[in-house]
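Enquirer: Chains A and B, in that order, are what the protein sequence lines are. The numbering used here applies: residue 1 is where the first sequence begins, and numbers increase by one. The numbering used here applies: residue 333 is where the second sequence begins, and numbers increase by one.
Just so you know, the hints here were simulated from the structure itself, not pulled from any lab data. In this text, all values refer to a predicted model and were calculated from it rather than measured experimentally. Do not rely on the hints blindly, as some may be mistaken.
Interface residues of chain B toward chain A, partial, derived using beta-carbon atoms under 10 Å [unchecked claim]:
1. Glu918
2. Arg920
3. Asn972
4. Glu975
5. Ala982
Idealized CB from N, CA, C, for every residue including glycine.
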Amino acid sequence: MHPFTLERPRDLPAALAFGAQAGRNDAPAEYIAGGTDMVQLLQEYVRRPDRLISLAGLLDNRVEIGPQGLRLGAAATMADVAAHPRIIEQFPVISEALLNSASPQVRNQATMGGNLLQRTRCPYFRDVGYAACNKRAPGSGCAAVGGENRWHAVLGTSEHCIAANPSDLAVALVALGASVEVRRAGGDRTVPLAEFHRLPGDAPHLETVLEPGEVITAITVPASPMARRSHYLKVRDRASFEFAVVSAAVALDMDGGTIRQARVALGGVGTKPWRVPRVEAALAGGGLDPAALRRAAALAADGAQGRGHNDFKIELMQRAIVRAVEIAGARA
Amino acid sequence: MTTAFIGQPVSRVDGRQKVTGAARYAAEFDLPRQAHGAIVRSTVANGRIASIDSAAAERGPGVVAVLTHRNAPRLPYSPHKGAVDPQVGERLHVLQDDRVSHQGQPIALVIADTVEQARHAAALVRVTYTPESWTTDITRVAPVQPTQQKTDQGEVRPPATRRGDPEGALASAEVKVEQTYIHPRENHNPIEMHATIAAWDGDRLTLWDKTQWVHNTAEEIAAVFGIPAQNVRVISPFVGGAFGSSLRTWPHVTLAALGARAAGRPVKVMLSRREMYYGVGYRPHTVQQVALGASRDGRLAAIMHDGYQETSTYEEFSEALLNASRFLYSCPNVDTRHRLARMNVHTPTYMRAPGEASGVFALESAMDELAVALNMDPVELRLLNEPERDEFKKLPFSSRSTRACYRAAAERFGWSRRSAQPRSMRDGRLLIGWGMATATYPMNFAPASAMARLLPDGTAEVTSAASDMGPGTWTSMTQVAAEALGLPIERVKFVLGDTRLPNAPVHGGSLTMASVGSAVQAACRKAREDALARGGANDLLEAVRRIGQPVEASVDTNPGDESQRFSMHAFGAVFVEVAVDPDLGETRVRSMVGAYGAGRIVNPKLTRSQCIGGMIGGIGMALMEHAVLDARNGRVPNANLAEYPVPVHADTPPVMEAIFVEEHDLHVNPLGVKGVGEIAMVGVAPAITNAIFHATGKRIRELPATPDKLL
Chain A
1 MHPFTLERPR DLPAALAFGA QAGRNDAPAE YIAGGTDMVQ LLQEYVRRPD RLISLAGLLD
61 NRVEIGPQGL RLGAAATMAD VAAHPRIIEQ FPVISEALLN SASPQVRNQA TMGGNLLQRT
121 RCPYFRDVGY AACNKRAPGS GCAAVGGENR WHAVLGTSEH CIAANPSDLA VALVALGASV
181 EVRRAGGDRT VPLAEFHRLP GDAPHLETVL EPGEVITAIT VPASPMARRS HYLKVRDRAS
241 FEFAVVSAAV ALDMDGGTIR QARVALGGVG TKPWRVPRVE AALAGGGLDP AALRRAAALA
301 ADGAQGRGHN DFKIELMQRA IVRAVEIAGA RA
Chain B
333 MTTAFIGQPV SRVDGRQKVT GAARYAAEFD LPRQAHGAIV RSTVANGRIA SIDSAAAERG
393 PGVVAVLTHR NAPRLPYSPH KGAVDPQVGE RLHVLQDDRV SHQGQPIALV IADTVEQARH
453 AAALVRVTYT PESWTTDITR VAPVQPTQQK TDQGEVRPPA TRRGDPEGAL ASAEVKVEQT
513 YIHPRENHNP IEMHATIAAW DGDRLTLWDK TQWVHNTAEE IAAVFGIPAQ NVRVISPFVG
573 GAFGSSLRTW PHVTLAALGA RAAGRPVKVM LSRREMYYGV GYRPHTVQQV ALGASRDGRL
633 AAIMHDGYQE TSTYEEFSEA LLNASRFLYS CPNVDTRHRL ARMNVHTPTY MRAPGEASGV
693 FALESAMDEL AVALNMDPVE LRLLNEPERD EFKKLPFSSR STRACYRAAA ERFGWSRRSA
753 QPRSMRDGRL LIGWGMATAT YPMNFAPASA MARLLPDGTA EVTSAASDMG PGTWTSMTQV
813 AAEALGLPIE RVKFVLGDTR LPNAPVHGGS LTMASVGSAV QAACRKARED ALARGGANDL
873 LEAVRRIGQP VEASVDTNPG DESQRFSMHA FGAVFVEVAV DPDLGETRVR SMVGAYGAGR
933 IVNPKLTRSQ CIGGMIGGIG MALMEHAVLD ARNGRVPNAN LAEYPVPVHA DTPPVMEAIF
993 VEEHDLHVNP LGVKGVGEIA MVGVAPAITN AIFHATGKRI RELPATPDKL L
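Okay, chain B solo, but in the shape it has when bound (with noise of 0.2 Å):
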């Protein structure tokens, strides 16, 4: 029998339970006596909350109690920072003044005994104002320098790096490209929109909430409320998708906890779609300057690329917009500005692939611009500016597998017929385009621990309070510990998302399977070996029967010191077929083939899935996404699913490939592994608006690539 799971295409371990409806999501743990909480949303911008007037809601059938910052109790808020929340700045507050910052900031809390009954009596409280100027218009905004800080996290990112003469190198350069490239705001919009229930028992509380970091959660809240953390237990088995959105603890969870404090039983707050726009973060709209200049032959003399993002006045929230551009290509002469329009808005923050997946459609068009102003290829071009290190680190690469990725997503998609001249391939009516780009994201590794305990009867159960927010954590956790433990899969149950279980990162950034999955390793091991060492016998089973009692092994992983030594990144290409009709201005992806280099990959088939999953997150972005905010006040009038679209099966191409090029890193981590989560979004928007440029000649720089901008 064969226990060599790793790099197995299995199957959810969970499907079942997702498809039968059995898994529990956050809003389907209903408790004995629970009562449901509605939100208030403030409709300025800025100001003073004037009057609240609520005696007709607590009038309201069913109603509890009716929460605002007049009888809200104070709450200690003490400091806390996540590494997920912004390092600069004080996260809302929720109910402890009469200011408004932004529009849709919670300003009263209504609990009841139904969810029909809060959310009536949330509508009938009365609120006036007295606004203040507000700022909520980007392209009114100077944006400023980030605030530079220590924090325990250690130094904030750079805002600026420079190195070599740009300006001189780019004045004097024989081929310049130099454009704006504008992405909008963008919403994480998961299936599942967020819930929590919270009950109270005594000083301790429980949280059954949709997060993608329990842990964190449970020390956010705890430092809200000022209890000890241990105090707060977070369950969060399953995420119905979230993109990031629920890596931070939003206000809505503190107003559940509040209400459930108030009420004096459970509380329920779910967001409608709508408060999704409001409630919690997303992508904010990015505004950068790319500057390139090459020789004649086409190599890279200099990178300038400035980039601000919006963000809100009471947080400082940065994008890695300008990472990829710092060591992506070889290049002497580079410089890079990042910077803040500080507006009237709530806090963006990360969604899949946050910066790289902007920062690299800026450089990746100004790419293409430079391939097309040196009639060259767009491949060759990387090709002849292919580092050998990592020139902003000075480091070398663990791995670097963008040649053998570029290589094999050509041979698939079949470059070499491409007829370079724009407008050149056509299918009746249509034009078609094809196009590709180059896709990076970092290799992240954190600490993380995982407990494994072998039962006589020769099964284990394996935890770690990790998230599945999609990708199958569930599954190739169960792969990795089957495979350590030497046992069926069928054997070994995998447990995540509770603060009861051993500490898991974040489950973002792309760096739970290396994090974890290192953990969940080293844990079975040992426990394997402690098993054999105590049962005095070769076959565990054996063993364990011997011992006749659980074999415990738990693990606490590092990184050690290889960032110092290595630059680590997943690499990859992405590359695109679309059809343009140009009378019309429609554009529909026909085909797309991505290649990444991303070390080992546990399971092919959920990896593929997750791949394809960002492929199509990437189209969105291409082609329809776009969180309107209305400049006049600060609101989102699409905030919705009917007029903000997300792709559906019919934008998602007959043909999408994701390869995995064969990559041994030896260096990253123990499992070998990069993450596939965001690099699979990253590269495709700017492959797509590369391709509709060799389809019509005309160049996108301000997304979405709707019809009226093809016209």
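Okay, chain A solo, but in the shape it has when bound (with noise of 0.2 Å):
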């Protein structure tokens, strides 16, 4: 890896000091949590950062339920919040979609807020034996496109850019409508998660709207009943540790059998945690038979491009929409 000084500030007002930027190649300081995605960045000269800020011990790993809903500190793992009591009864959608990523040991060690901020697994991203990669050398072009795209988007795509946002987490919290809690040194904001990571655009290497010396703190959740009637629904390959072909995040407030109010976003298919009110509004009203569910479902299609090997992701999505609402509707 290429060298950089590991810095281990005293408190987060030393760590936000150091102007660090998480998710994008060209900062010259980021900042490491758990650290399993950028250990493996640092690895393979993905990441070339000249310093790296560690976080360990400074910030929040709480997890708190109360009136307000949920708040999940950004040092929470993976394995804590999958495994809590009242996550796993009030926001089954969440510990589902943390269960069925990565693996236990990678999920003792990764955070929330390192979740929210891994990097895509575009493979020509990851391979710097490809010259081209937008995300990577802004600039460079993108190999994807007209490459090996089975992995890759087919929602909020750009000719310069097609990568997958690879968190099952982001997919379930953008369903429910999380905010994302960032400190930065003159104070806090707070950001809805829907907003947080940006399309590629024509900058495919500006991931999310944190600017340098910007950290992550917290991931909240607003109370509402619909989130205990919620699904996370994952295809893949094969059964465990991998990540999502397609995924399906579904909450559900119901009537009887007569949907009232749904939330659905997708993973796998969007270059960002990918939520689609279309759908949703044409669930609202309706009940669960599968016709109707499927005629709601194809609006998820909506400005959607394959590009060849990924065209598949446009019609399975699609079906797991359907299947997680007729899992999640028919919970208690």
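Hints are included, so try docking the two chains, each in its own frame, into the full complex.
Expert: Quick look at the structure:
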């Protein structure tokens, strides 16, 4: 790996003062928490920061559930959140998304904040043997367009980048209307998760709205009865320890057999965690009969663009929505 | 006290070492003053190196040397082809000239004090190329006939065989199946990545290496450096999985030795996971056309099997893709034709059940399609076409237990409850499918040597330069030795993995038990007889005590003329249940039963493990494994373990059984064993895709059967 200085600041203000920035490859300094993704990126020269600022011990790792909703400290581990009894009870989609991610070893180490900032699995981004990657080297082109793109996104893509966001957790959270609490030297700000990640557009190297010197401190999820009736469905080639081919997070507010309100988001198909408001609107007021679900799910394909190997995702994601709604709807 | 250990489920004698970390693998033999080597690899598929700027790398902290084709010594690369090397072509020469023939070719070696320094300096080497036109898209390659060439090993495998009138028989057949089957490139992906430590002492070289054949590694490196083979010692006590990846001696072994010579100190080279997709071989992409013709009552009239596979521009690697089609079933009219697609890739190599795994996928898929076309039970179809003898070699089988395997596996599986119609079995939303396939793999028996040494204290040391990549050679040889010596297992120490020990053949092709086992048995029997005779006692312990010094016996065993008299193969049958989600396209294997006629089973516990491992490998082949070759430039974008999935525990069905049918084969070798390492992988993938057809009505002819193919 590129030689770097590991800074171990005493407290969070000291960490913020380094002005590091997550999620962009031209940043000279970057924060590191659990490191499960960062170390891979460093080892393969995908990231070459001169400085790594350790956040170990500096961030809240508590899980709090109150009348306002859920608050996940940025340093809470995937394992702890997934196993939290009240999350399993009140926010099953979050626990399921986490348990369907990675492996137990990774989940013991990886944090909530880091999960939202993990970099794409686009193999062209991760193989520096390919010169072209606009995310890794701005302006260098995109090897995935016209390349092997079964792993890639069909929603929110541009001619400059079709890399899929890899997080399962973010898909569940965006469906539940979560927000990200961000701290910087001047104070705090709250960013809705739906606005946290950027579309690639013509600047795929800018992945989030984080500015230099900003750190995620917590994730909040508003209280909602819908969250209890939620489900995370993940389709993949093998049964465990694999990123999503396609996934769907669904939360339902039911009145008997009728869907009063629905939240639906998709993973594996979007350049960012992809909420589908048109599908949600079409589901509202309807029932769980398969034909109606299929009609509503079809709206997810709005604007979807396949690149050959990933064309199947456009159909598969609709089916995933239907199945996830059926399962969530059958929950007490 | 009984010393009948053959056939007993003895636990691994090296188990404690392995689980406590005491077992040392190649990269763990660190030496004083050792430096580390990191390889710079090409990023073009074909061309010449225009410039290499290593100035920044040379200034890097701890850097000892940067070797490129411009400053590396010219190596003799004397002719040497081991049985594991392609018999046509010439191995890759490293750092000898400016030519690049494939992506990931080693073009520089950076040596530094630490591995971090070496790897970082390697990243600082700047290379420019003069690219030349390249071929990396197999769909655009015209496959060619392999070169026929006589070698030291004799005639190469015939690329084409023919009996009867296949075209005529096919044309007039009442029922026909003609399809193309595609198997993608697969990588071995052993847990232990390849590593070599090289240390020179004058013109003597010691290598600690991950290898399945220490003597061949010594001979190859000796040939590369132009030194006598006896000057090279290779040590490899443990191998952390290989599946064939460490049969050949790959370029990094040469680089480690070259680096150690240049640095004047020991050098360790370890490959990264990404490098494993460029620095060692792989199971080649194959495209196979199979045509079957049969009478309405299900008798095969014609088998035509035409397959081609990728190979490099510098070597012709040929798999035994078509072997099984020549003899597995009775058929008077058979045509097989093997071709090669030469591409700008590195040379593929043997991977567990090389040729048979891919070839039998095609044949057994086609047989299932024929059974469907005939509206016949697939087991019935196979029984109907069971041959009495090998119709290709025109020899009797030494033993052939296919019928017993079908019966045993079908019974255990509950096959008689199968409803024949596709999509007729369900479990809630899921479609259930039952499929089966036949498995076969040749019995290989190679010359081997072993030495047994009885000590006055009544213990024994038995040695042979064999390898244990995981199946349990340490243990099974200890069993054979203890039984032949008539000593308790605890008193017998078997040692392998060092060129100072008696010669052993390659640890591949499922031949270790047959070959090394026979030598060990013979050496131990001889030592016992000698000791009893010299000690003048009927009791061995009394005899060795009386002799008062070690009694040694060395034996070389050689195959006889049995291969001229018999066709010798292991046979088996695999039955599988899958559940397919018809909406989401996910396939999961629910149960698998394999029955094998593999001769004598020395250790049923280890053999079961080995078979279960092979079956799981078959699940990977069927459902997920695919090293994607970017046709534009020959790179493998998914060269890691996240985007190249191999089966995990959750993919392993709750029911997995390996049945060994009783088989006493007096012809194959003195131990009567056939080996099971490869056959356990054969037939699994077609059994799964046949089960997928039964579940869904969809025929998967291109592996792996991922969700996109089942929507």
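Enquirer: Next, verify each hint and record whether it holds.
Expert: Hint-by-hint comparison with the structure:
1. Glu918: holds (6 Å)
2. Arg920: holds (6 Å)
3. Asn972: For Asn972 (chain B), the interface hint holds, since the closest Cβ of chain A sits about 7 Å away, which is under 10 Å.
4. Glu975: holds (6 Å)
5. Ala982: With a minimum Cβ separation of about 4 Å from chain A (threshold 10 Å), the hint on Ala982 (chain B) holds.
When held up to the earlier numbered hints, the structure conflicts with none and fits them all.
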